[in-house]
Amino acid sequence: MTIFELSKEHRKGYKLPHYNIETQEINIPGHLLRKEKPKIPEVTEIDVVRHYTNLATKNYAVDVGFYPLGSCTMKYNPKINEDVSNFEGFTMIHPHQPQETVQGALKLMFELKEMLCEITGMDEMTLQPSAGAHGELTGILITRAYHLSRGDHKRKKAIVPDSAHGTNPASAAMAGYDVIEIKSGPDGRIDLKALEEALDDEVAVLMLTNPNTLGLFEKDILKIAEMVHNAGALLYYDGANLNALLGRTRPGDMGFDIVHLNLHKTFSTPHGMGGPGSGPVGVKKFLSEFLPVPILTKDSKNNYKLDYSRKNSIGTMRSYYGNFNVMVRAYAYIKSMGKDGLKQVGEMAVLNANYLRKKIEKIMPIAYPDVCMHEFVATCEQLTKETGVKALDIAKRLLDYGFHAPTMYFPLIVHEDFMIEPTETESKDTLDKFAEVLETIFKEAREKSELVKNAPYTTPVKRLDDVTASRKPIFRFKFGEG
Amino acid sequence: MTIFELSKEHRKGYKLPHYNIETQEINIPGHLLRKEKPKIPEVTEIDVVRHYTNLATKNYAVDVGFYPLGSCTMKYNPKINEDVSNFEGFTMIHPHQPQETVQGALKLMFELKEMLCEITGMDEMTLQPSAGAHGELTGILITRAYHLSRGDHKRKKAIVPDSAHGTNPASAAMAGYDVIEIKSGPDGRIDLKALEEALDDEVAVLMLTNPNTLGLFEKDILKIAEMVHNAGALLYYDGANLNALLGRTRPGDMGFDIVHLNLHKTFSTPHGMGGPGSGPVGVKKFLSEFLPVPILTKDSKNNYKLDYSRKNSIGTMRSYYGNFNVMVRAYAYIKSMGKDGLKQVGEMAVLNANYLRKKIEKIMPIAYPDVCMHEFVATCEQLTKETGVKALDIAKRLLDYGFHAPTMYFPLIVHEDFMIEPTETESKDTLDKFAEVLETIFKEAREKSELVKNAPYTTPVKRLDDVTASRKPIFRFKFGEG
Amino acid sequence: MHRYIPHTEEEIKEMLEEIGVDSIEKLYINVPKTINEYNLPDGKDEFTIRRELLKLSKENVTFEPENVFAGAGIYYHYIPTVVNHLANDQKFVTAYTPYQAEVSQGTLQALFEYQTMMCELTGMEVANSSMYDGATALAEAILTAVRVNRKEKILLSRAINPEYKQVSKTYCSSQNIKIEEIGWEKSGQINIETLKEKIDQNTSAVVVGYPNFFGIIEDLQKIREAIPEKVLLIVVAEPVALSILEAPGNLGADIVVGEGQSLGITPNFGGPGIGFFTTREKYVRKMPGRIIGETKDIDGKKGYVMILQTREQHIRRGKATSNICSNHALMALVNAIYMSIMGPEGLKEVAMRSYNSAHYLAKKLEEKGYKLVFSAPFFNEFLFHVDENYAEKWENMINKGILGPLPVEKIFPDLSNMALGCTTEVNTKESIEKLLTHL
Amino acid sequence: MHRYIPHTEEEIKEMLEEIGVDSIEKLYINVPKTINEYNLPDGKDEFTIRRELLKLSKENVTFEPENVFAGAGIYYHYIPTVVNHLANDQKFVTAYTPYQAEVSQGTLQALFEYQTMMCELTGMEVANSSMYDGATALAEAILTAVRVNRKEKILLSRAINPEYKQVSKTYCSSQNIKIEEIGWEKSGQINIETLKEKIDQNTSAVVVGYPNFFGIIEDLQKIREAIPEKVLLIVVAEPVALSILEAPGNLGADIVVGEGQSLGITPNFGGPGIGFFTTREKYVRKMPGRIIGETKDIDGKKGYVMILQTREQHIRRGKATSNICSNHALMALVNAIYMSIMGPEGLKEVAMRSYNSAHYLAKKLEEKGYKLVFSAPFFNEFLFHVDENYAEKWENMINKGILGPLPVEKIFPDLSNMALGCTTEVNTKESIEKLLTHL
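Taken in order, these protein sequences are the chains called A, B, C and D. One point on numbering: in our numbering, the residue at position 118 of the first sequence is 118, and numbering is uninterrupted. Remember, our numbering sits 1000 above the position in the second sequence when you count from 1. Remember, our numbering sits 2000 above the position in the third sequence when you count from 1. Remember, our numbering sits 3000 above the position in the fourth sequence when you count from 1.
Chain A on its own, in the form it takes in the complex (with noise of 0.2 Å):
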């Protein structure tokens, strides 16, 4: 049922506070006045509170189970974050207020940069992009800005490997940048040959993940910032996968000239049903002078300060100075954590991933059979030609069993495959679980396909067609059809 058929005309559940202002002419030429009144539903308090609460229960969440999705770092969201940042000193501020009236929202701004420059071993930071994407397009405007002033107008290229995220070519491109992809090694990792080909003194920037999203460390970092510093071009880090490093390394010390993070993932900032997330980004000195403007500041009185003052600055990428609520959470977060929690997270993370690992290689053969690190790639490749059986029927067996499945069909270069990453705050106990229930469809599989095939069915939709919703697609609820 929709919200549009619990509606029934001039029913209400609003009440606004008494109100004793004259009523004044209204001047708006006729045809600039609204006619017909928005079919917004008509409903009264309970019928909101039933529907929305009924909605979320129809919900998997990280507080419902275990969703075992690679780089997408799924981790517990600790409730007192939520409180802090609900708080009204922090909710009810106007980003037009007086500089001096927003002291604690500054320092705190400030005191969170220092902190994520420390953990990422960069020299300054904007924390104005509202995601991970959008922290790739600060970036790689950076990027384009730091060729373009030291004239050099002939980069035009932006190199990615095979197994980067979707957002890294999407994000290039919408920089203005021809996307070169290059093809992995054997070992997963760039091939190192393939990079020095397609080094050239048209590409502006190497974007890399890492580990990548094979969950596999890119061992030869050192050897690959000296190989893209030489060719003039940037190192960027897509930071989706931070998590696994914490507390042992930092993207700076590695060669990284541009990083961006997502406080949504490694810093247990809720995903909110897709956001709002937070996507920092970082930078070594030499790029400072380009990052968006304002920058936060702090001078020799401890005031706190938004400094617009950054005349080759790439401009702003979105309205204020991005997702603050957000970044409450996060602060919150490093500050319960601290050195020694961060660190934990770092090899708990590590621990989990190379467990689970252990575990599913019983089961199906792990793509690239290394030690990981966060996360693994493994393939049912060899059950489907088997037995028709597909990683997506998998999947959504899986939901029938209560977890949520691993990110699918990514990253592009293995086939039916699942990316899995526990996160360091799921238990032994539900990852021996989760590999058990596994190893229960692969039998089911084997043994009655069709029941894997046509999963789910304890969810409270059975598998729905998305063919046809996009093929025929209804956008908005129809009214007067049902």
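Think of the hints as simulated: they come from the structure by calculation, not from any bench. Treat the hints with care, since some could be wrong.
[Unchecked claim] For lysine-lysine, the following BS3-like pairs were computed, each having C-alpha atoms within a straight-line distance of at most 27 Å: (1) 3169/D x 39/A; (2) 448/A x 359/A; (3) 3013/D x 2400/C; (4) 3013/D x 472/A; (5) 3013/D x 157/A; (6) 2296/C x 433/A; (7) 8/A x 2434/C; (8) 2429/C x 2363/C; (9) 3055/D x 2434/C; (10) 2301/C x 1037/B; (11) 2044/C x 1433/B; (12) 1008/B x 3400/D; (13) 2301/C x 1472/B; (14) 2026/C x 8/A; (15) 3319/D x 183/A; (16) 478/A x 3013/D; (17) 362/A x 3013/D; (18) 2296/C x 1453/B; (19) 2055/C x 3434/D; (20) 2178/C x 1311/B; (21) 1433/B x 39/A; (22) 285/A x 3296/D; (23) 1037/B x 2348/C; (24) 223/A x 3033/D; (25) 1443/B x 3301/D; (26) 1219/B x 2026/C; (27) 3044/D x 1008/B; (28) 2429/C x 1359/B; (29) 3169/D x 2058/C; (30) 298/A x 3055/D.
[Claimed, not checked] Some chain C residues well away from chain A (every beta-carbon gap over 10 Å; in silico): (31) 2001; (32) 2009; (33) 2010; (34) 2021; (35) 2047; (36) 2077; (37) 2091; (38) 2187; (39) 2225; (40) 2428.
Just so it is clear, the structure is predicted and the values come from calculations on it, not from any experiment. C-beta: ideal position from N, C-alpha, C; glycine also.
Starting from the known structure of chain A, fit chains B, C and D onto it as the hints suggest.
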């Protein structure tokens, strides 16, 4: 899965603040020191969050759907009442703080008491009782104190109608009275003749709810009051059904001497899976001296006080001043509704009940087919005879359709019955849908009775064996037995 | 129409038509109209309500938890954030008593687990799923003991929370039950000799605190040894203390009751807290309140239901073990969530800190020349002698943001010039030092 | 181990054994160890975190909503209590993007309903399920228009929120798109003659505000008539205004974008808010962002899924319509809940009061001798001339708890000695009078 089964020794979910007080010697004798660690679960935050989040999802609640529980008044519980009751100034105050430091709380309680006196037509009130039954006991102890104070020692009987709530006789018995049950007349109301016969000089009190549990107004109430008073007894009002009378009449106007309220019914504080509730007791002036202490007062300088000086008081009914946070909710509710809103509550509650009665009587007979007040009783006895499908089976089948079952097998004077109270917060659509589903179930009962007899099917568990549960009771989780 | 009521004018018309009357007035057959409107203000919007209530709430003085040195039955403990997050889930909050078990498994399982935890903590065999508070739990325990032994006399330690004593007396007033108080020795523990003397054939039960109202740890073993086997030993326990004190169940208690506020519930001006009630299995049919039990559904799947309802008022009516109907289930949930997040080690750390800080404070007070009233071991509260002007000092401290040790006379009228100090794990060394500067 | 991490020492041992290594160190093959520990403090407990953050939050000055007369893109509106209650349900908050539709029907249906409501409000045919904010929504709208028309020129009203203009320019900087600004007439509306002059074969789109940054209601009909059919009309709308202004979809708009903060979202120091993006069905395949569509499951039961994903980066990579991946879905939920509880009549009442109060304030200012800058009809914001010492007055008001009309020069550097006043339904007659005493 119980939370005990998630436990792992030494797993931790808490961290206390830094502590730097020197360790003091422990001087507790060895035999009084705990030897064995209690088997409280050892889990981490994510386990706790998922466990209770998933448990909540297994509950029906007002926020999930319609709860037609007769005499329980399961109306919508506004969310703002939750917010205000959680203000730190209400939750973080100690009952032994000086009264000058809790003037806000005392003022709220004083005003609540005054408003409730206005609504009930009583002269003085205690907010101390924690629940309706607790209020009843309070009221009956006041009755007792009253008679004894007059040297009237022979009154040992309390009269209750056979349609009364079970708490009425239980409370009377707890206060040391012999309970005399009088049969209802053929119209479902008190039989004046039976009452006449029962009323003698040993009767202390007549306990009555009006409208009664059949949803019928005791139209002879003024006569009844006169008879009771002439016999030297008191007239007690069980406030469970007060919702029906809001804005129209008051127990005090009908001759009642003592009244208890259920703030968790009429005044919309949530039921919390069974409690906490709040059961204020109001009395006419001549009984005021017997109220439990303390009583809220206000002096000429608008200072609010807890007055303990009431030497004929029955004593105290519980620690401190009652369920304060429940009172905050009720206070916010009454202020939100106002005089007009409360009147609408009564009218719409009665309208809803009569509308649903008309719909239901097309499906099964109404036990007393008069115009009803806030609720009515219907019986499926005929269907049970025809098909073997009992009221309980229909109730269980309702769960499959997303409705909570009505109160059943109560009042005891009707068989295979449903006691249905829709409350004012349910919409016509919901009532229509409920009636429609009930009709469907009756059809199912006639066509495929087994389907109904084995219901429910779509609930988190199927029909539970409560007979064995009481015969071979398992009171607690048994470690080591799974 | 008010915003909580869904009816539109059109619907009201349709509904009246279906009913067959032409006005709402017609539905009030024989109901006298005694009022036109209440003498109450008009309804208010949320914005105004929120503001008015916020203002009222701010007319109460609150203290930073570390500056609270008052207990006497209501304690300031650290409450982990998840406790309120989870307990405020409206699918718990707006649920009714779990009469329809199949759609109440959340409630039922949570309460079953709560019962288990309370059994573990107290060392008892069965627990009910809650009473209103510690005071009514004690009153009901006394009534239970009388149902078991059918004797009219109850011997009750004088060092029980006066609130509990008063309520017990009120509850017993109409039932011919005689409550006699037994005083304390110099140590602060119950006077065993007096106890032995007073016990007779007519005694149903003995009631002691553990620790008692003054924080003194009663020697349950000695007490049990001193009283005949069939006399029930009712223990009023502070649940936080039970993480370091031997479980009363292992020392011969028959009924263990108490106030559960200290297990994750805010002080709430004294309510709601929760009464817990645990006993031995052999007394379960005499016990008041809802009990949740484990069972199976028709597919053999584990589930939970209310059991032994034949003891209760809705079935047994005038012969029920109690009139209790609404209980404090939501607070039992809070207790269960709190215990789950803290675990046995967290609970013990809380108890150890509470103990340690109280002993540190006592030592410091003694160094300042204050004298403790009692000599027996105490948990986290202790009574000490103060000057006549202490009440003034106390109010002075309040003005400085400190809720100091309670002038106990206000609660225990025959104890003058004494204060009851208390610490929990939230007090800091700094806050104690600050307190000492005001004493 | 930190409290958010479940591993016990024993489990770590077991896990290492299963992996076949003897230490965690061995898992870091080839990973350089470049740090021993971060230069960061130790981890803190909840109690301390809560206190520190509360302190920081109180270092920000907040205002009673009725005392806020500043808008400029971020507004203080009344937010019904249920909005946050429901949107804070952690089954929404901690859910991921709904890739597994069968267990994400809550998310998907809520977003589908949000899209429908936005279509209703704007009069457009399709909406996506959110952008980051109004500024990026406009930037993406411009890129969309360029994808549709493949022309490099964009004519943009100068009276657009400067934040939006800057972001659009940043986004377009690397794509050879030329943004030209069109000034306003004395009335405050876009200069139609200049617009007509500047439009040429190379123009992909015209961008105007509705109302514009100064609250002025642009005459969309006239603008639409002034520009060629194939040039896209992009409207940046304030959604609250759309309850009394004719829907842009009925006046020829091709893309309607804007900031949804005013629909139930707190100011949040500017973020997160939400960008909305609506357009005509014929442009849907050029549109950025997630779109939710209705479909059926294998039993024929209605359900919802993400549709047209082939436009998106995870499929289309370098050829995607946008790089957007994370969006602001949770804020779309907030918008939907807000609109549901307010309904069309509530939204209209909000809009009418906002309008009415602004006109009342403007009248009172005129009575005091202030002069409005523009003459065209405005919604709830208006620009007026102020003295040179206004900035000082403004800070003075802040000290009195009033966030007065913004000295607009801070935002719009070429407009000196002007202030941008704003009212919404939360301002009261009393608060306006209080404001006037400071002007």
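_I'd like to know which numbered hints this structure contradicts. Please list them from smallest to largest._
Numbers 1, 3, 4, 5, 7, 10, 11, 12, 16, 22, 28, 29, 31, 32, 33, 35 and 37 - these are the hints that the structure violates, sorted from lowest upward.
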